Amino acid sequence: MVHLNPKCNTLSHWLNEAPFQQQPTQPLPTEADIVIVGGGITGLSTAYWLTKLNPKLSVVVLEARGLSSGATGRNGGIICPGLNDSFESIAHRYGEKEALRLVDFDYINVDMLAKFLEEHSDKQGGPFDPQITWMKHGTICAWTSEIEAYDGRADVARLEQLRPHQDDIAALTAEQVQALTGEQSFKFGALQIKNTAIAWAARIVFCMARAVQDQVHLATFSPVQRVEQVGSRHRVVTSRGTILANKVAYCTNAWTRHLLPKFQPFLVPVRNQVVSVDAHPGPATRRDAADMNYVLSCNRGYQYMSYRPYDDRIIFGGMRDRTVGRMEHEDDDSTLNVTVSCELRHRLDELGLPATPEREWVGVMGNSKIDALPFVGELSTMDGDAKLKGQYIAAGFHGHGMPRTFLCGKALAQLLADQPLDDYFPTPFLLDHPTRSYLSSKAKL
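The opening residue of the sequence shown carries number 1 in full-length UniProt numbering; numbering runs sequentially from there.
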């Protein structure tokens, strides 16, 4: 069963008093050149790039709830380039050249997203100000074992060898980590990624929506029930009516399996829990949160935290590894896990921070189970199924969407507009990459 509760009970800090959350007032068009399913950062990125590539196209975005109500409106708001696996593992799988392209892609994405926001965001607060803040000390990925530290240092050494002039990635000693964080339990050092920003991520989506709203039909509270082939076109059936489209793009991330059951073994919904904490100095605070000019990640990403200087808030998430099944194969973001709630509070107290959250919520990630890379491309390229021609996907960002979705949206727009992909786009993301033969209906699962 797929859960898309329109009255979600775990209101995210990022969606409080947000725009584009109202019921639609305009009827759906009956036809469109392109229908994009999903109104998060991938869907709106795709819509934005389509207006740039071919403004004559008629484009409709269909969202089951309000815009950015999925992962982008519920994440930790961290923009940090990097890999979801060790560099050595990626290089072994794809070759060093492609591994470096994967690293570079995240940096290009972050840079181009920042340029988009320079042009299209507000700077004085409000729902269109993402409050981008670059962290002085970047992201500190604390290692929690000798093995993790050994592998991490080997990755840094290899990258330094291949890119001797890069200075964004560094290996820190335990003493350096303890001096930066004030946390003595980090005994194995850390990976530091200096090019890191924090943001009110949902507002990035709202900026995109504002940029395209005069050219693109944005339909909230219009859940798609099914897509049917009608000749060379596609009938998109929603709760509010039907649209006949030339092409359909699925930007549905964790909820992809609802419309594309074929992806069920490979694209897994995973719940994650997050709290926001008032970090103003007070009796509950044993350390000054304002000193936290970094993002902290540890336990291989199962814990992450950042301080928001513009409103003195700490955003802390994770701890799903403390549950049976790690909340995998779960897509209900309307309820909280009590075990995780207790663990989050306990860890905040251990860090000398207030342990009474203002808000607590759940978001659902779309994890790419086989290779931790997103799926991008035309569905028919998986195994030549003519019935899937004209249907496309960009989903499965594995909790790493902020440094990838903007340009994956561009790549999807290029495919939809019959234009070539940029040279920097990583080919392992594509459905027809040789390493993704498991997607073929002929593959043995």
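To be clear, the hints were calculated from the coordinates, so they are not data collected in a lab.
Keep in mind the model is a prediction, meaning the values are calculated, not measured.
Treat the hints with care, as some may be off.
Claimed, not checked - Derived DEER-like restraints, expressed as beta-carbon distance ranges:
no.: 1; residue 1: E146; residue 2: I370; range: 37 to 47 Å
no.: 2; residue 1: K115; residue 2: P309; range: 14 to 24 Å
no.: 3; residue 1: Q419; residue 2: E160; range: 21 to 31 Å
no.: 4; residue 1: E328; residue 2: K262; range: 38 to 48 Å
no.: 5; residue 1: D111; residue 2: D151; range: 20 to 30 Å
no.: 6; residue 1: W134; residue 2: E175; range: 34 to 44 Å
no.: 7; residue 1: G384; residue 2: H280; range: 57 to 67 Å
Claimed, not checked - List of simulated lysine-lysine pairs, PhoX-like, C-alpha gap at most 20 Å:
no.: 8; residue 1: K136; residue 2: K52
no.: 9; residue 1: K369; residue 2: K262
no.: 10; residue 1: K52; residue 2: K115
no.: 11; residue 1: K262; residue 2: K136
Think of the CB as a built atom: it goes at the ideal place given N, C-alpha and C, for glycine as much as any other residue.
Hints, one by one, checked against the model:
The hinted range of 37 to 47 Å is not satisfied by E146 and I370, whose Cβ atoms lie roughly 28 Å apart. Checked against the hint of 14 to 24 Å, the C-beta distance between K115 and P309 comes to roughly 23 Å, which is consistent with it. Between Q419 and E160, the C-beta spacing of about 37 Å breaks the proposed range 21 to 31 Å. A hinted range of 38 to 48 Å for the beta carbons of E328 and K262 is inconsistent with their spacing of about 19 Å.
Our hint of 20 to 30 Å for D111 and D151 holds, since their Cβ atoms are close to 28 Å apart. Here the CB-CB span from W134 to E175 is close to 25 Å, at odds with the stated 34 to 44 Å. At roughly 59 Å, the beta-carbon separation of G384 and H280 lies within the given 57 to 67 Å, and the hint holds. With a C-alpha separation of about 34 Å, the suggested pair K136 and K52 falls outside the 20 Å cut-off, and the hint is violated.
About 14 Å separates the Cα atoms of K369 and K262, which keeps this hinted pair within 20 Å; it holds. For the suggested pair K52 and K115, the alpha carbons sit about 15 Å apart, so the restraint of at most 20 Å is met. Between the alpha carbons of K262 and K136 the distance comes to roughly 44 Å, so the proposed pair goes past 20 Å and is violated.
Violated hints for the displayed structure, listed by number in ascending order: 1, 3, 4, 6, 8, 11.
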